[in-house]
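Q: Residue numbers (the working numbering): 1 to 242.
Some clues are possibly wrong.
[Claimed, not checked] Here are the computed distance ranges between Cβ atoms for each label pair:
#: 1; residue 1: Asp83; residue 2: Leu219; range: 33 to 39 angstroms
#: 2; residue 1: Leu9; residue 2: Leu57; range: 48 to 54 angstroms
#: 3; residue 1: Leu225; residue 2: Leu77; range: 42 to 48 angstroms
#: 4; residue 1: Gly5; residue 2: Glu46; range: 52 to 58 angstroms
#: 5; residue 1: Ala112; residue 2: Asp83; range: 29 to 35 angstroms
#: 6; residue 1: Gly106; residue 2: Ala86; range: 30 to 36 angstroms
#: 7; residue 1: Ile94; residue 2: Val67; range: 36 to 42 angstroms
#: 8; residue 1: Gln229; residue 2: Phe108; range: 55 to 61 angstroms
#: 9; residue 1: Arg37; residue 2: Glu6; range: 58 to 64 angstroms
#: 10; residue 1: Ile94; residue 2: Leu68; range: 38 to 44 angstroms
If you're looking for bench data, these hints aren't it; they were derived computationally from the structure. Every residue, glycine too, gets a C-beta built ideally from N, C-alpha and C.
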Amino acid sequence: EPIWGEFTLNPIREGDTVVGVACACRDITGRKSAENRIHSLNAELEDRVMERTSALLRTNDSLREEVLKNQELWALLMQRNMDFMASSTYARRIQNALFPARVMIGFFKDAACLSKPRNVVSGDFLWQHETDKHVFLAVADCTGHGIPGALMSILGNSLMNQVVVDSRVLEPKNVLSEMDKALKSLFTHHEGEAVNDGMDMAYITVDKSNMELSFAGALLRCNILRGDQLIQIGKPRIHMRG
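All chains should be modelled from the sequences, with the hints used to inform the complete structure.
A: Here you go:
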């Protein structure tokens, strides 16, 4: 190991003449070793700082790329959501057009229909048909929400027209039976796979000549409010499904 020393030289004078030199020496090996250690640590620290800075810069570049990707994804999702909402809103207008207008159910005094779907379009539908002798009215709750439920409601509305208006099936229990058959025939059953798509329905027929009401229900009751008295008709247990 090297030994470091510090020397101090002072001239010895006699008058103006230098006659000798006084030399003083002290060991500074410890101090020099400490200085070297400090320099080494500083260099090591600088290397670590540079390495960490480079790593942070690389991480920052990666984060910037991720931020840009997320912004692009957000913009894409927003556009798709806007397109979906516009499409769903237009589908809601089409679905509303299938609901009978209030004037069409004017046979029932103070009739009203409130529809507040959870997902813009609804899986519920109201169907009505009137002839000179009868009034036919059905409310249904289809399986599914949103678009699947809305498609089922349009399908149910179409089937009601086929069964009651076109095929002239009038008896409520027969109407539900024909609806059940129609739904089963429309859905293709794969081997070993059960299909549970269908609807709950309450259906009434009113004979105008004697004001007689007939009812049939698939998991829905008929509730009649007469004054303060609530009358419930039917104990339905069958769910119409494909």
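Q: Now look at each hint and say whether the structure bears it out.
A: Hints versus structure:
Checked against the given bound of 33 to 39 angstroms, the beta carbons of Asp83 and Leu219, roughly 36 angstroms apart, stay inside it. As the Cβ distance of Leu9 to Leu57 is approximately 53 angstroms, the hint placing it in 48 to 54 angstroms holds. As the Cβ distance of Leu225 to Leu77 is approximately 47 angstroms, the hint placing it in 42 to 48 angstroms holds. Separation of Gly5 from Glu46 is about 30 angstroms and departs from the stated range, judged on CB atoms against 52 to 58 angstroms.
A hinted range of 29 to 35 angstroms for the beta carbons of Ala112 and Asp83 is consistent with their spacing of about 34 angstroms. Checking the proposed 30 to 36 angstroms range against Gly106 and Ala86 shows it holds: the Cβ atoms sit about 34 angstroms from each other. Taken as a hint, the range 36 to 42 angstroms holds for the pair Ile94 and Val67, whose Cβ atoms sit roughly 40 angstroms apart. About 18 angstroms separates the C-beta atoms of Gln229 and Phe108, a value inconsistent with the hinted range of 55 to 61 angstroms.
Distance hint for Arg37 and Glu6: a CB-CB separation of about 18 angstroms, inconsistent with the stated range 58 to 64 angstroms. Range check, Ile94 to Leu68: about 39 angstroms between beta-carbon atoms, so the 38 to 44 angstroms window is met.
When held up to the earlier numbered hints, the structure conflicts with 4, 8 and 9 and fits the remainder.
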